[in-house]
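As a plain string of letters, each chain reads:
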Amino acid sequence: MQTMIKVRDLARTYQMGDIEIHALRGVSFDIHRGEFVAIIGPSGSGKSTLMNLIGCLDAPSEGSYELDGLPVELLDTELLAAMRNRKIGFVFQQFHLLARGTALANVALPLAYRGGISSNERMERAAAALERVGLGNRLDHRPHQLSGGQQQRVAIARALVNDPALLLADEPTGALDTATSAEILGLFSDLNRSGMTVVLVTHEPDVARATRRLLEIRDGRLMRDVPTSEAWASQPTPTQRRRRLPVRQQWRIAP
Amino acid sequence: MTAHDSAGEPSAVRTHEAAALDAAIDDLLAGGISWRETAHFAFETLRTNPVRTLLTALGVLIGVAAVIALLAIGRGSQESITSSITANGANLITLRPGASTSGGVRGAVGESDSLTMNDAEALADPLRAPNIALVSPEYAGSAQLVTGSNNANARVTGATPVYAEVHNTTVEEGGFLSEAQNRSAENVVILGATIATTLFPDGGAVGEQVRLNGQNFTVIGVLKSSGGTGFGSVDDGVIVPLTTAQRKLFGARAIGGSWSVSTIVVQATSAETVDAAAEEVATILREDHSLPADGSGDTFSAINQQTILETVTQTTQLLTLFLGAIAAISLLVGGIGIMNIMLVSVRERTREIGLRKALGAKEGDILLQFLFESLALSGVGGLAGLILGSAIALSVNLTGLVTVSLSWDVALLAFGFALAVGLFFGIAPARSAARLDPIVALRYE
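Sequence lines, in order, name chains A and B.
For the first sequence, the numbering used here begins at 0 and goes up steadily by one.
For the second sequence, the numbering used here begins at 46 and goes up steadily by one.
Treat the hints as calculated values from the structure; they're not laboratory data.
From a predicted model like this one, the values you see are computed outputs, not experimental measurements.
For every residue, glycine included, the Cβ atom is placed at its ideal position computed from N, Cα and C.
Do not take every clue at face value.
Unchecked claim - Just a few of them, taken from the derived set where beta-carbon distance is under 10 angstroms, the chain A residues facing chain B:
#1 76
#2 83
#3 161
Generate the whole structure from the sequences, applying the supplied hints.
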């Protein structure tokens, strides 16, 4: 299987005045083409820092990061911008659609920054991407005319339009209700089944459950790297948990 | 990396890998958004905020319009003043009775101070005044002119035939005064162009009768329009024989057997000899009027056209510059308005900037987009200001108060200045936008 992401001893240190903050303290893992991975961890664990590094939005202090064969840690800001444009499709919690543009214009935006594609072709490709997320009949709608789920679908179409190596989603269901969240997660699963490498960053176990592999970050370190199916197997179900409570408390809860 | 099945040695693998990497990097560097597309984004933003765009552009609009209108009016006044001075010839010296003072204000005119025909004749003597070519004694007053159905008030100048040559006036219709008409004080009149149109709207003035202060005069000529609207334009006046003005119209006094005149205009042989001619004028008048030779008791004032021209030109140029500077300040204020709005816009659109960067916009792309916005604001404002300024200048022209002088160089200068202001005040906001950290910008609330 082809390695899409190769992370070795990746570390990121921020300087806040005299204090050094070790947001990430050396993380190593590989993600192969076609995987569906969740990066989980509580806030402050360093998962956002890791996402920024994987997303080429930030440069590591130490370690190496190879995306689709390119050594990201060696690239300058211009090349990082080009990497984001060509290799990564971002999906954000807040959708981040341009309010004044139509769905089509929003989706076509990354193609404009790629350059060298005629306006007609851009529109065709954007329309195809919207079709793929089930919004083929909403091309000329503006964000305010769409529901939250539909807006997120537009954002996913935008992430897909440049045919990226990696779909990187940051809490993609954080602003959506449960039903819509399930729809969006289903869409990610569909995209993954069609061969897309998908990385979700989340703190919600329900979201992580939709993926097939779990990377758990805690205190800047990779704590667990397990298949999702095994991650919760050892955890007690609610009934088990109750049985494990001390006898005295159990007595109090269930009179 | 994909497998290198053809690679035999490790070094060959490395070079192959390096080449592949180079190719990938080259591919990344290729392309990028075109400046047209970036400009399109900028215009799109301006188009979707029409009120803000108009209000911001208004600052520049007013600045450019002010620069163009004020400079046009300033230049126009300067030109009309200059031309009305030079229309009379640059080598003229105008003599008036009364002592000259430094400020050009004449003192009271006493009887003995009057200039007379004798003075004019003395100045015309080529032996006493070799640098004087022509002498035109004049007597000015004002009178009401009446025809059958029209009337007008006009400045009446009593003149001799020399007047035409000294003042560079040309007759459009009919002829100028003759020596004979002057000698016998005939009631003939030559009309200025404007007066002629007022009294005879249908033309055909020559040969007609005009009543001038109750006396009948025959029109013998109409002067060609001088075009100037400055002071002392001949268009608004009429000319009669000097003797007629002195004896019949205005009752001039005869002093020592010589008729008084209100003005003597002396033409030097050339512009270079004006100073020498002025010396001669002073010497002759002081001798004939028994005045101190050092000029301390002069009872006349001599005004040199050249000096007036220089002073006036200097003054009007300064005035034009001053007007331009005030207008430029308002343009500068417009520029600050652009900067203000652009800074607000950058702040307001922080998340948009973050998103664009996440989607692959380079720093230069963002910089260019915001620069295009401020340039478009100043460009649109400048263009509208150009039109408004020209319209103001032209409508001022129509009122007839001042002749304006619109010129391309001023228009281009004002427009160019507006663009420069837009660029200058656009740089700081654009740079702050370009330098935003996408991570921070995306999280900005």
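Do the hints match the structure? See the list:
1. 76: 7 angstroms, holds
2. 83: 5 angstroms, holds
3. 161: 8 angstroms, holds
The earlier numbered hints are all upheld by this structure, with none contradicted.
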